[in-house]
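Listed in order, the protein sequences are those of chains A and B. If you count by the numbering used here, then the first sequence holds residues 1 to 395, one letter each, in order. If you count by the numbering used here, then the second sequence holds residues 396 to 668, one letter each, in order.
Calculated from the structure, these hints are not laboratory results. Please read all numbers here as calculations on a predicted model, not as lab measurements. One or more hints might be untrue.
To be verified - Simulated crosslink set (EDC-like; lysine to aspartate or glutamate; CA at most 20 Å straight-line):
(1) A/Lys-267 with B/Glu-519
(2) B/Lys-530 with B/Glu-547
(3) A/Lys-267 with B/Asp-482
(4) A/Lys-130 with B/Asp-428
(5) A/Lys-95 with A/Glu-60
(6) B/Lys-470 with B/Asp-482
(7) A/Lys-267 with B/Glu-487
(8) A/Lys-267 with B/Glu-572
(9) A/Lys-170 with B/Asp-523
(10) B/Lys-466 with B/Asp-428
(11) A/Lys-267 with B/Glu-512
(12) A/Lys-170 with B/Glu-519
(13) A/Lys-267 with B/Asp-570
(14) A/Lys-267 with B/Glu-520
(15) B/Lys-466 with A/Glu-158
(16) B/Lys-501 with B/Glu-546
(17) A/Lys-170 with B/Glu-520
(18) B/Lys-650 with B/Asp-434
(19) B/Lys-494 with A/Asp-264
(20) B/Lys-530 with B/Glu-512
(21) B/Lys-466 with A/Asp-154
(22) B/Lys-466 with A/Asp-264
(23) A/Lys-91 with A/Asp-71
(24) A/Lys-267 with B/Glu-484
(25) A/Lys-170 with B/Glu-487
(26) B/Lys-652 with B/Glu-612
(27) B/Lys-501 with A/Asp-264
(28) B/Lys-494 with B/Asp-570
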Amino acid sequence: MPHGVCPVIPAQWCRKEMQVHGKIDFSHPSPDIMHAVISGAWQMDSKLLSPAATLLSRLESNPRIKRLILDANGLAGWDTSFLTFIRTITKECRKRDVGLEIKGLPEGVSRLLHLASVVPEQKDSHQKKKRQPFIYVVGENAVLFATATVQMIDFIGEATLSCWNFLLGKARFRRIDLLLFIEECGAESLPIVTLISVLVGLILAFVGAVQLKLFGAQIYVANLVAIAMAREMGALMTGIIMSGRIGAAYAAQLGTMQVNEEIDALKTMGISPMEFLVLPRLFAMMLMMPLLTLYSDLLGIMGGAIVGVGMMDITVVQYLTQTQATLDLTNISLGIAKAGIYAIIIALSGCMRGMQSGRSAAAVGEATTSAVVTAIVGIIVTDGIFAVLCDALGI
Amino acid sequence: MHWVFETEMNKPNSKVKKTPHIIVSDLTMAYGDFVIQRDLNFTVNHNDIFIIMGGSGCGKSTLLRHLIGLKSPAKGQVYYGDINFWDAEPAERSRIMRKCGILYQKGALWSSMTLAENVALPLEEYTDLSDPAIKEIVSLKLALVGLAGYEEFYPSEISGGMQKRAGLARAMALDPEILFFDEPSAGLDPVSARRLDDLILELRDSLGTTVVVVTHELASIFAIGSNSVFLDAESRTMIAQGDPHLMLAETVDPKVKEFLTRGKTVSAETFPG
Numbered sequence: 001m002p003h004g005v006c007p008v009i010p011a012q013w014c015r016k017e018m019q020v021h022g023k024i025d026f027s028h029p030s031p032d033i034m035h036a037v038i039s040g041a042w043q044m045d046s047k048l049l050s051p052a053a054t055l056l057s058r059l060e061s062n063p064r065i066k067r068l069i070l071d072a073n074g075l076a077g078w079d080t081s082f083l084t085f086i087r088t089i090t091k092e093c094r095k096r097d098v099g100l101e102i103k104g105l106p107e108g109v110s111r112l113l114h115l116a117s118v119v120p121e122q123k124d125s126h127q128k129k130k131r132q133p134f135i136y137v138v139g140e141n142a143v144l145f146a147t148a149t150v151q152m153i154d155f156i157g158e159a160t161l162s163c164w165n166f167l168l169g170k171a172r173f174r175r176i177d178l179l180l181f182i183e184e185c186g187a188e189s190l191p192i193v194t195l196i197s198v199l200v201g202l203i204l205a206f207v208g209a210v211q212l213k214l215f216g217a218q219i220y221v222a223n224l225v226a227i228a229m230a231r232e233m234g235a236l237m238t239g240i241i242m243s244g245r246i247g248a249a250y251a252a253q254l255g256t257m258q259v260n261e262e263i264d265a266l267k268t269m270g271i272s273p274m275e276f277l278v279l280p281r282l283f284a285m286m287l288m289m290p291l292l293t294l295y296s297d298l299l300g301i302m303g304g305a306i307v308g309v310g311m312m313d314i315t316v317v318q319y320l321t322q323t324q325a326t327l328d329l330t331n332i333s334l335g336i337a338k339a340g341i342y343a344i345i346i347a348l349s350g351c352m353r354g355m356q357s358g359r360s361a362a363a364v365g366e367a368t369t370s371a372v373v374t375a376i377v378g379i380i381v382t383d384g385i386f387a388v389l390c391d392a393l394g395i
Numbered sequence: 396m397h398w399v400f401e402t403e404m405n406k407p408n409s410k411v412k413k414t415p416h417i418i419v420s421d422l423t424m425a426y427g428d429f430v431i432q433r434d435l436n437f438t439v440n441h442n443d444i445f446i447i448m449g450g451s452g453c454g455k456s457t458l459l460r461h462l463i464g465l466k467s468p469a470k471g472q473v474y475y476g477d478i479n480f481w482d483a484e485p486a487e488r489s490r491i492m493r494k495c496g497i498l499y500q501k502g503a504l505w506s507s508m509t510l511a512e513n514v515a516l517p518l519e520e521y522t523d524l525s526d527p528a529i530k531e532i533v534s535l536k537l538a539l540v541g542l543a544g545y546e547e548f549y550p551s552e553i554s555g556g557m558q559k560r561a562g563l564a565r566a567m568a569l570d571p572e573i574l575f576f577d578e579p580s581a582g583l584d585p586v587s588a589r590r591l592d593d594l595i596l597e598l599r600d601s602l603g604t605t606v607v608v609v610t611h612e613l614a615s616i617f618a619i620g621s622n623s624v625f626l627d628a629e630s631r632t633m634i635a636q637g638d639p640h641l642m643l644a645e646t647v648d649p650k651v652k653e654f655l656t657r658g659k660t661v662s663a664e665t666f667p668g
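Start from the sequences and build out the full structure, keeping to the hints where you can.
Structure below.
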């Protein structure tokens, strides 16, 4: 097709052929009048850089100008970029008290501009936060923290009441849900717990071996690994794995149910979401966490044995006898007791964040993050308290 | 326009006695300091199909949440019969709610349960029916909304419109005295929306259910509404109430007129010539 000849095809299709980019030319017929001639295709991808700014800077530098004449007769094509140009110029001229006259404006442009101004701007809909003074922000955060704490206590209280109802045989939830959650936290968690526990056992043994070799006391690696796994690491590592695996899942499940109004539907049906949704999740965790911890203890000891037997001339029997001599029921039950408490922390923080979630995808994401963070902080703090208590009680 | 003709046929039966079922008095709704609607006063009578209408963002759904006990009012009261709903004990409130069925905007089916389990849950919870009897009721309710044979499907396996209908089946499970609908025809094709309207009328006529519908679907408003309230987002209060047909015929308020005539007055100005 020859350049510039497109009698039938609509103008915008000829953009490439014409290659006429948008242009704006200025002239000053008299000192108080500016004449701007617009020509070419005004498209978002054309090379015309901020025409409005160019025009306005001219107005700025000639304060005597009282009339602006825009001649758009030469316009070859336009899109939203032209609309915003006209809109800005109109607004600025009104502000500067400059008379504006537009010639040859395409009809589509004026219709669209009119459409944009039919519904008046909502004045108080701008909810953007103003910058507040530091002291205000501190105060606001303190109040938020206080309400969050009250909400947490409220949630724990409600969960406790629901458990009491369960003991009285009044709480209602579907048994099948409990079994599904048990499967999710128990059996499906085994692979990851296996991997992490063996590795933690290996690492403990390595760290211990290097130090104990200095005294020629390699055999005590068995003691170190057994005590550390049973008292601390078994429960701690399982707790952290379960925070990520299950706490996050609970928060996402309940958060999504919040978004879908499923929780509202339960409430208006007179079914307590606390009993129907939280209790089965809580019980599944409370049942499975101690078992997983016991499993983790065993595998950790196995990991230690791999290093002990494989690298330090200790026989399997020696290693196991030493372990058996070291471990007593106190150590193991301490770990399991911790696991039970971690289970409550993980399940409740997951469920709480899920129930508190807002009604958007971003809010569910935040709820999930917050559930994991809350659970892990809770676990570590509890572990610290346990350490102090055990020391004081001589356990 | 078809619905103008239909409204005459669907006019509420004037022989039915009008006694108040829900009374809203001086209700002000707010999120924190942000007032959404203030000074709402209206009465929903027994056997009414009561429409809560208004433009987007005017607080229709929020008003519904106040009526069904999900959000407490900033000021004012909601009475069910002569019981002040928000001052009542929680046990009393849940007793009232048990007589209500609610169809949520997106259906709000419990996603971990099949359709049959969804509909069956309220029945298991509040009746002493045997399992086979519950199964019978469930399949009847699903058939009523055109979902016979979908008992074992999960909500995620069916379309949005079907989810909504299943939600209605669940809302009707306990033969409630009051049915609340939050935007029932949103996301439904015209034929399904029309069938839903017919179903609402049928429930009202045959079971004597009081129906409260939040909607901005004009066709539905005129096809089923016997009473209504119009909420305005700008002045943040109700600016009209009564039979929607009379409202259309008699209103002088440009906003109400614009809404009920699909904004004809404005579009004439928008595109002159």
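B/Lys-501 paired with A/Asp-264 [C-alpha distance capped at 20 Å]: holds (12 Å)
Sort out whether A/Asp-264 lies within 20 Å of B/Lys-466, counting only the CA atoms. holds (10 Å)
Please work out if B/Lys-466 and B/Asp-428 have their alpha carbons no farther apart than 20 Å. holds (15 Å)
Taken at face value, is the distance from the CA of A/Asp-71 to the CA of A/Lys-91 at most 20 Å? At roughly 18 Å apart (the allowed maximum being 20 Å), A/Asp-71 and A/Lys-91 satisfy the hint.
Satisfaction of hint between B/Asp-570 and A/Lys-267, Cα-Cα up to 20 Å: holds (18 Å)
Under the criterion that the straight-line Cα-Cα distance not exceed 20 Å, is the pair B/Lys-652, B/Glu-612 satisfied? Judged against 20 Å, a Cα distance of about 15 Å means the pair holds.
For a C-alpha distance cap of 20 Å, please report whether A/Lys-267 and B/Asp-482 respect it. holds (18 Å)
Between A/Lys-267 and B/Glu-487, is the straight-line Cα distance small enough, at 20 Å or below? It holds: about 14 Å lies between the C-alpha atoms, which stays within 20 Å.
Do the alpha carbons of A/Lys-267 and B/Glu-484 lie within 20 Å of each other, as the hint requires? holds (15 Å)
Pair hint A/Lys-170 and B/Glu-519, alpha-carbon separation not exceeding 20 Å: holds (14 Å)
Between the alpha carbons of A/Lys-267 and B/Glu-572, is the straight-line distance 20 Å or under? At roughly 18 Å apart (the allowed maximum being 20 Å), B/Glu-572 and A/Lys-267 satisfy the hint.
Please verify whether A/Lys-170 and B/Asp-523 have alpha carbons no more than 20 Å apart. Cα-Cα ~16 Å, so holds.
Consistency note: the structure conflicts with none of the earlier hints.
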